[in-house]
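Asker: Given these sequences and hints, build the entire structure.
2 protein chains.
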Amino acid sequence: MQRIFEVDPWKIVTHKLDKQNKRLQESMTSIGNEYMGMRGMFEEDYSGDTLHGLYLGGIWYPDKTVVGWWKNGYPKYFGKVINAVNFDKTNLWINNEKVDLATDQISDFELSLDMKRGILTRRFTVEKKGAKVAVTIERLVSIVDKQLFDLHYHIQNLSDQTVDIRLVSSIDADVANEDSNYDEKFWEVLAKQTNRDSAELFAKTKPNQFDVPRFTVGVGITHHTTMEAGMAPETDQSVSNAFVQTLAAQQSLNFEKRAVVVTSRDYDSFDDLRNGLHQLTRKLDAKSHDQIIQEQADAWQARWDKSDVVIDGDVAAQQGIRFNLFQLFSTFYGDDKRLNIGPKGFTGEKYGGATYWDTEAFGLPFYLSLADQKVARNLLEYRYNQLPEAFHNAHQQGLKGALYPMVTFNGIENHNEWEITFEEIHRNGTIAYAIYNYTRYTGDDSYLKEKGIDVLTAISRFWADRVEWSEHRQHYVIHGVTGPNEYENNINDNWYTNLLARWTLKYTLENLPKVSPEKQHDLDVTEDEKKQWQDIIDKLLLPEDKERGIFLQQDGFLDKNLQPASSIPADQRPINQHWSWDHILRSPYIKQADVLQGIWYFITEFTPEQKKRNFDFYEPLTVHESSLSPSVHAILAADLHYEDKAVEMYERTARLDLDNYNNDTVDGLHITSMTGSWLAIVQGFAGMRIENDQLTFKPFLPKKWTRYQFHINFRGRLLVVTVDQNGTQIKLLKGAPLTIQLNDKPVTLEKQS
Amino acid sequence: MQRIFEVDPWKIVTHKLDKQNKRLQESMTSIGNEYMGMRGMFEEDYSGDTLHGLYLGGIWYPDKTVVGWWKNGYPKYFGKVINAVNFDKTNLWINNEKVDLATDQISDFELSLDMKRGILTRRFTVEKKGAKVAVTIERLVSIVDKQLFDLHYHIQNLSDQTVDIRLVSSIDADVANEDSNYDEKFWEVLAKQTNRDSAELFAKTKPNQFDVPRFTVGVGITHHTTMEAGMAPETDQSVSNAFVQTLAAQQSLNFEKRAVVVTSRDYDSFDDLRNGLHQLTRKLDAKSHDQIIQEQADAWQARWDKSDVVIDGDVAAQQGIRFNLFQLFSTFYGDDKRLNIGPKGFTGEKYGGATYWDTEAFGLPFYLSLADQKVARNLLEYRYNQLPEAFHNAHQQGLKGALYPMVTFNGIENHNEWEITFEEIHRNGTIAYAIYNYTRYTGDDSYLKEKGIDVLTAISRFWADRVEWSEHRQHYVIHGVTGPNEYENNINDNWYTNLLARWTLKYTLENLPKVSPEKQHDLDVTEDEKKQWQDIIDKLLLPEDKERGIFLQQDGFLDKNLQPASSIPADQRPINQHWSWDHILRSPYIKQADVLQGIWYFITEFTPEQKKRNFDFYEPLTVHESSLSPSVHAILAADLHYEDKAVEMYERTARLDLDNYNNDTVDGLHITSMTGSWLAIVQGFAGMRIENDQLTFKPFLPKKWTRYQFHINFRGRLLVVTVDQNGTQIKLLKGAPLTIQLNDKPVTLEKQS
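Going line by line, the protein sequences match chains A and B.
Each step along the first sequence adds one to the number in UniProt numbering, with nothing skipped, and position 342 is 342.
Each step along the second sequence adds one to the number in UniProt numbering, with nothing skipped, and position 76 is 76.
These are calculated hints, taken from the structure and not from any lab test.
Mixed in with the good hints there might be a few duds.
Since the list can't tell identical chains apart, any single copy or any two copies may satisfy a pair.
[Unchecked claim] List of simulated lysine to aspartate or glutamate pairs, EDC-like, C-alpha gap at most 20 Å: (1) Lys-71 x Glu-178; (2) Lys-76 x Glu-178; (3) Lys-539 x Asp-659; (4) Lys-645 x Glu-527; (5) Lys-374 x Asp-535; (6) Lys-128 x Glu-110; (7) Lys-129 x Glu-750; (8) Lys-703 x Glu-468; (9) Lys-64 x Asp-183; (10) Lys-64 x Glu-184; (11) Lys-64 x Glu-178; (12) Lys-71 x Asp-571; (13) Lys-306 x Glu-127; (14) Lys-400 x Glu-389; (15) Lys-546 x Glu-471; (16) Lys-539 x Asp-559; (17) Lys-734 x Asp-538; (18) Lys-71 x Asp-667; (19) Lys-71 x Asp-664; (20) Lys-71 x Asp-179; (21) Lys-128 x Asp-305.
Answerer: This is how it looks when you write it as structure tokens:
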């Protein structure tokens, strides 16, 4: 655990420029608006350790880099998030010397992310070349005008002598990814133009040898200031505008840079894109700075009104949950159907903005409750729209039906490690489960009937082809898989995978008769196929150990040396940073919920005894080194009335990044896992379920807290749930009356006038 | 199967320029002298499909390229054979137009590798720009003067008009590997000089971010011709000499290029290297072309005298075995202790010149019988000298003792796929076994006592740390391994691995008391350690199926869908080119001998019944898609008197490359597997074993053949064994009298005067 920001209910704030942990500071002060986003790196050149990361939603490159021995079935390329053309770049000179906070003498440093308004502020006083200057820099990516990045400087001369201030504002396409092997660059400049106080640059991703379309991006910068403009040096890859002003003693100046960013994702031709950029720039340039700030604050307030979680009695917990909500909404708010939720959002290169099963497993329930229903539906349609690519992925492996990708930008599998790409097929189960989850929560079966059934049928066909009959076991088996616990690879009969395979077949068979005759005709599931599916449902192996009363994570799991995770010396945790992969694989330790993930998905369908035995067996073997792990365990612990355990698990998920629990936040935030703290509160502490088509709650109040409160969007209603020492209060803020179950008793909610 | 060369006992010859199979032609016409080698690509630019491959023994680059997710314990870099500075490059102009056989009109083409003399000859007649010219090009890498490459042109004007001939001879450092991802280059030119008719160039491998030394190479070219010299254009990366002559009608010319190549592997400083190059160039330049040719022929004859295998009645088989011997000797002849046998030798980039366990498993028995004893000892010392690096490799995985690398240039593991690097640890067993194999064959236990015991102890300590106690099984187990059958990954209790682990511990315990007290003191194997080793020997799981009377390849192997390989449709073979890796892993199909590899190693220690049951169970499941597979099966089939099967397996190994059996010879030859045909004849058909410290034979004659004959070097003797319809004749050609067993009867051999 490493806490480098101060505890505050609405801000991520520090008063120290922590050069040792600069990247961690940057990860934590990321901002985004779904369309684009960036780490909290400085605008100016910084000669110390830093990771400049600026990303555009849906802009990526198909990398062909190959190492090791090719395995048949691998995708031809793997997708790579690319660092965008750098449009935040702005350098500051004081008396003709460039400011560099890595080496300059500074004081009064503050870095503060205002989550209520979505604005990042940096302040510092710098003394150099006889001058003393106070600088305040505010930046935002607008959630009102997605294409707008705004950067505002307030610079004051604190000394009694005049000071020469120079600002150079740039757009730079000479950008590499840090994970490049041979410093390869991905942007080619198409056109650029520099005017007196504005500039623009158009760049295209470089050619690829696959059929992946190249992306074009256009950026225009304009400036609002009293400073005097002059031409700045430019290069083949960049454009710049320079501004100068001599400040008298105590005098100050304001300088605002606006960057408008358009991409070929939204335009049909280069001319359209260029015209679009010009129109947008004109439109956005007409807004005042105050207006931009006010609109940003109002829009964030509207989001908070629908979703805020209040925790009394624990400011750190309060800060944690708001940080998670803020970063999730910054990554994805459902405005663009073609986008999804990247595990690191816009906060780092690693795992970047690609789509994983995290979305359906952990993101969907969150957005179902906290945003309009169409957001969740858009997430489902994203997969429906990528069904052709999922057929392709299965075909690559010589299998029938559809296999959704482990990692993707366009629906095609974009990752090439066999134990993931070929084996972590349980992801298909979660894609199917998400349809059920949506339908159950919203009560809306139109998606299931119109589109979901296509996905379910295609996935069922995959499972039916992927199982094998074992003469020796007299069961269908699923060999060669990796379960959610990625600390095991190439195992046989992962209970979780087999459970989801069997469930998918069953759910598909149940729903097929409910869809329209036309749809049934199109899907063409034959009687033989249905019989085969039923046979698999009846005879698929779900390994168990009867003696212990547990489901077996996989064949042979009990052969391992089953010492609890508590026996691992503290200096060897997390094991993934201390043990070789070989050691990890042989160990019994579980990275994240595996059997328990299955129990969570169908939590109302297992007996308390089953839940208890499995939790008691598996949790002590679990190291929770996936950020996706603690939330599931918090929910199950709460379900079993292990309240202390539930709170312990909550604490790991709520401040995972803020306290750098897994010692890897330096690479970026664990965006998709951030739903976990919300899930732990809502499904865990408050025990929210859907049972018999009703919303139900069985809340408890963690000892440390005096009160917690959260909002729930449910079937057109907005509810606010408050839990304190006096019990639970549920209020209907919007929508028609609703009957729910609270502690096993029906309660009818009506809006108070 | 694809046969593109003519059948001939001593030549690899074709009269067709097969543009579709140009790379295959190139692989098959590779030449080498252990110090350097090259594919059979043309000297001149060729605009069609070709793979230019020229490699220097021991010259490589540590590549940092990373893709996928880093696994803890991976080596920091992986070694990459790099394409050497191109010194064979020579272009021919006829009437001012460059010859390019991809597009020119040619006739009388011949490409012929003379294996008796080690010379590659190419002939063609080309008609262009009104001229008709006959060209004969001979090339060799000298096995007498290792640093010498010799290229000789005979060019004749076949027309009645004069023809302008121009030859440009170059050294070019602007060379990339074909498997490069971003066209990265590995050579930096240090210095170069061009004289009137000679030139030189010095280049260094580019810097790396590891502690791997950079290599420097120096190349000097000289020319012997009546052509007139003139200056040729040169570039930053290359030097060239140009020569011109106008040929009258029917007139001809000779042109000889000699390249002398030195590397920093043999010199302490750049000055030494430069001086060394100049001295060598002067010395070698003093030889006449005839002398170079004659010395080459004589030296190859001396090799053949000690090793030739004669097969009567089957010219294809005859050609196959000689091709294998020729290519093996071209790759490695034991002159340089620091070198080893690369799986593709100098014939391709893939798997290039790195060292694999193939050397000990398949190469050692070959060199033991066909070369001086010191060659085999050098192979063992190579591993002894890399013991510190083997400790490092084990340490990387958090394990005690020594782990020899799967792939290496310098003893450090140089491959980074976890299922290989971390899991294919059986390689350690073969390193240990090789010590036993050498000692048993030579009768010389000095290596074992002086150096081998260090290796054995270090490997035993690895095994003792790698096993785990399974409470559930009440056995020691070895989880998470890949056996020789690489079509299974991350399996538990591979019988072969466990067998070798147990055997190593036993052999080490047996031999420890025999070494000097000083050595025992240094090794410091404690009594507790010995007790632990004995406990592992007693309780290590060696999985069996009692009912079937077989050893189990791994835990759970019988759960698979056990259809024989014969049930795979022909158009899906080889499966590694048709099935996804996932499909392969789930299948029961075996790439190469696994259980049977263990039975081969200890062939005299299993009962005929055990051998039969295991062969009958596993061979039908084996697809022999490793080139290392058929030979082991040929030997075992012969042992079981399955003579037809033995011959079938022999045929797959003998002409594996010549007939492109696995459809991958285009990438290069399967050098280390080439020992297989010799093993199949000698250990298979002739049944050679060492039993009770005696050489024994139980030969049979394959039906197709009328006679076969081979040479054996054994404990200072040279024997020739002849098998024909009349039985077996064994003659002692050199050395002291020797008693052997022939068909279970003792025979004493004496040299005939």
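Asker: If a hint holds in the structure, say so; if it doesn't, say that too.
Answerer: We went through each hint and held it up to the structure:
| no. | hint | result |
| --- | --- | --- |
| 1 | Lys-71 x Glu-178 | between (27 Å within a copy, 18 Å between copies) |
| 2 | Lys-76 x Glu-178 | between (22 Å within a copy, 17 Å between copies) |
| 3 | Lys-539 x Asp-659 | neither (47 Å within a copy, 47 Å between copies) |
| 4 | Lys-645 x Glu-527 | neither (49 Å within a copy, 46 Å between copies) |
| 5 | Lys-374 x Asp-535 | neither (37 Å within a copy, 65 Å between copies) |
| 6 | Lys-128 x Glu-110 | within (19 Å within a copy, 78 Å between copies) |
| 7 | Lys-129 x Glu-750 | neither (68 Å within a copy, 97 Å between copies) |
| 8 | Lys-703 x Glu-468 | neither (50 Å within a copy, 43 Å between copies) |
| 9 | Lys-64 x Asp-183 | both (14 Å within a copy, 12 Å between copies) |
| 10 | Lys-64 x Glu-184 | both (12 Å within a copy, 14 Å between copies) |
| 11 | Lys-64 x Glu-178 | both (17 Å within a copy, 13 Å between copies) |
| 12 | Lys-71 x Asp-571 | between (37 Å within a copy, 19 Å between copies) |
| 13 | Lys-306 x Glu-127 | neither (45 Å within a copy, 83 Å between copies) |
| 14 | Lys-400 x Glu-389 | within (13 Å within a copy, 47 Å between copies) |
| 15 | Lys-546 x Glu-471 | between (22 Å within a copy, 18 Å between copies) |
| 16 | Lys-539 x Asp-559 | between (24 Å within a copy, 15 Å between copies) |
| 17 | Lys-734 x Asp-538 | neither (46 Å within a copy, 73 Å between copies) |
| 18 | Lys-71 x Asp-667 | between (29 Å within a copy, 16 Å between copies) |
| 19 | Lys-71 x Asp-664 | between (30 Å within a copy, 14 Å between copies) |
| 20 | Lys-71 x Asp-179 | between (23 Å within a copy, 15 Å between copies) |
| 21 | Lys-128 x Asp-305 | neither (46 Å within a copy, 83 Å between copies) |
Hint compliance for this structure: hints 3, 4, 5, 7, 8, 13, 17, 21 are not met, and every other hint is.
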